[in-house]
Amino acid sequence: MDHAMDFAKFKNWNGDASELAQVASKILTARGLGETLAEPNVRLLRDYAQRGIVSRPARHGKEAIYAYRQLLEFIAARVLVADGWPLAKIAEHFGHIDDLELFNLIAGDGGKNRARSVIERIRSETQVALARDATHPSADKSEQQSPSTQFRERAARLSGIQAEMRNALRRLGLPEDGPAVEQVTLLAVAPWCQVLVESGRFSRITIEEAEEIGRAVTASLLTVTDKGAKTHD
Amino acid sequence: MIKLEFLPQRAALLAGQDNKLDVLLRVQAPAAPESRRDRLPLNLAIVIDRSGSMAGRAIAEAKRCAGMIVDRLSAKDRASVVVYDHVVNVLVPSRPVDDKHLFHAALREFDSGGTTALHAGWLAGAEQAAHQPNGQVLSRVLLLSDGNANQGLCDVTAIAGHCAEMADAGVGTSTYGLGPNFNEDLMTAMARSGQGNAYYGRTADDLMDPFQQEFDLLDALCARRLRLALNPAVGVRVEVVNGYITDAEGHSVLPDLAYGGEAWALLRLTVPRSVGEAAGDGDTHLLTASLAYTDLADRTGHTEPVHLRLPRLPAAAFAAIAPNDLVSSRAAELNAAALQEQARSAALSGDWEQVQHLLQELRAEAVHSPWLRASIAELERYASRRESRRFSKEALYKASAMRSRLAALDEQEDWSKDLEAEKASFLRRKLEQGRRFDPPREDPSRPA
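Heads up: the protein sequence lines correspond to chains F and Y, in order.
The first sequence runs 17 to 249 under the numbering used here.
The second sequence runs 397 to 844 under the numbering used here.
Looking at chain F on its own, in the form it has when it is part of the complex (with noise of 0.2 Å):
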């Protein structure tokens, strides 16, 4: 189906909120994002507006009256989030983005941009070739083996390996189970100073304990210079 040629019809659309996020829905659902995205609904929508995501409609009286442009924005905004965007990202260049932009953004490959079908089928590709050089690292790709045969040597690599890493791991004096791997992020806090904290934590981080541990960087960063005395005394 050919998105772009269809979403050229809405070219004069307006409507209120509710109206747009039907409209939106339908947009989505034929771009493949329907299930990917929750159901636009007035509350996103108004959420979005608020970002600065979404222009500021018209007024008739009381009532906001919604165009094309909002039409554009909301839904490529969807798009973008789709993708990975994250909010604040969108609404700092939406501001800045003409409608044809926007249009091709929605539109994706219906927008007859062949580089970005190309983009797609080489990520695609990649990613197949990657995952099968991850199974086989050492094996010669002309070479076609029974899939029975490619699971019965790579068990008998992985459990080789495996044996290994137990042996390798006792000698260490750590548990034979693995090595603790732990997800951390790096927050540089000056060029010279970097601070690492498990990923995890930042959900759950309360600003007390953020200070907290400011007052201990302080405390140890004194310490260590010798510095923390000379200023009490």
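Hints are computed from structural coordinates only; laboratory data are not their basis.
Using N, Cα and C, we set each Cβ at its ideal position, and we do this for glycine too.
Certain hints may be false.
Interface residues of chain Y toward chain F, partial, derived using beta-carbon atoms under 7 Å [to be verified]:
id	residue
1	L487
2	R491
3	H558
Partial list, derived from the structure: chain Y residues whose beta carbon lies under 7 Å from chain F [claimed, not checked]:
id	residue
4	P489
5	A522
6	E523
7	A526
8	L549
9	M562
10	A565
11	G566
12	V567
13	E828
Fit chain Y to the given chain F structure using the hints.
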């Protein structure tokens, strides 16, 4: 507007013999635009490697170069900024360059990090450039890296293939290698397949020069996507000595053409005796060439086909025709390119005796060319110090430049820094590809 011209090394065939002859095919742009024109809007993705090895001065200079690019753009251009180590970040998604502060702020924002997911970084840049489907812009990824791809897709052939596909879809790639550790095979292959340019700087300071060069070229561009079709007469074989890549239809892909410049191909023809004899008494038709290109309005243009016809002369008359100097000079350049590529392989395998032997051949090849003679000197210095990495990079980039450079329309065999300094930066014959071109200093002893 674009002129196609054959220039044979000798304007005749030797009668009654098999002939092998070099023919220069010149693709000449007009000297200047016919009327005042605006340059093509640019749509650039600036992709910067921020892996650990870029820490310190390298990353500072990369930011400075990127800042300079932004400063040269205008509100009608678009740009994006992508940085990568093992993670790819789009710092500025593709947008018009109407607020340069936003770009400069983004460039201040990042620092060096981890490993080098070069392909993923390049692809993210290509994706940004692909946001602009309009054909009347020049879309290009400018990839700046000091390292080797060591994460994700790392295979040179596969990456170069992707660059070729993107170039074909309208997004070219130019590469900028920095320092002694980047993978020159990868960077030159990407640019060659991506129909852009490959540059490198020995130091971060030297990088500014190629950025300038690329911009000057984009400013002066008059045609792109040049495709050369060669139709030899039955029995005649043609080899394009430059080694240009070919498209799906077998046409040679020539470099983009700028005003005041000449793209060229050296054609090596093998003409069996029977071809000449079949022509009877008249001139022998050997070859027809035609060129398709895309103009600045994104229209496809075609030059008038040109035909190469030569008379057949007896030995004495043939010997009396002096070889054409320009053709000999371009042939020497391409021979020098091949010798440098061989010397590079020898240097990488540590065979310095072979390197010396090839340099000797190179000196012999350069005997009539002041530029070639002077440009070999630095290679000789690297060879004498057995600096294999520097030798390898300089030899490869030199060879690559010699194979595909644009020549000035009025280029002479004479070479001096003074003469080159007067040319547009992209037409200069540099002594060293990895060093910036320093214009000659004023000679204090020279009268004012």
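Against the structure, the hints come out as follows:
1. L487: violated (10 Å)
2. R491: holds (6 Å)
3. H558: Since the shortest Cβ distance to chain F is 5 Å, the answer is holds.
4. P489: holds (6 Å)
5. A522: holds (6 Å)
6. E523: holds (5 Å)
7. A526: Holds, about 4 Å.
8. L549: Result: holds, 5 Å to nearest chain F Cβ.
9. M562: Holds. Min distance 6 Å.
10. A565: With a closest approach of 4 Å, the Y/A565 hint holds.
11. G566: With Cβ-Cβ at 5 Å, under 7 Å, it holds.
12. V567: At about 5 Å, which falls below the 7 Å cut-off, the nearest Cβ of chain F leaves the hint on Y/V567 intact, so it holds.
13. E828: violated (33 Å)
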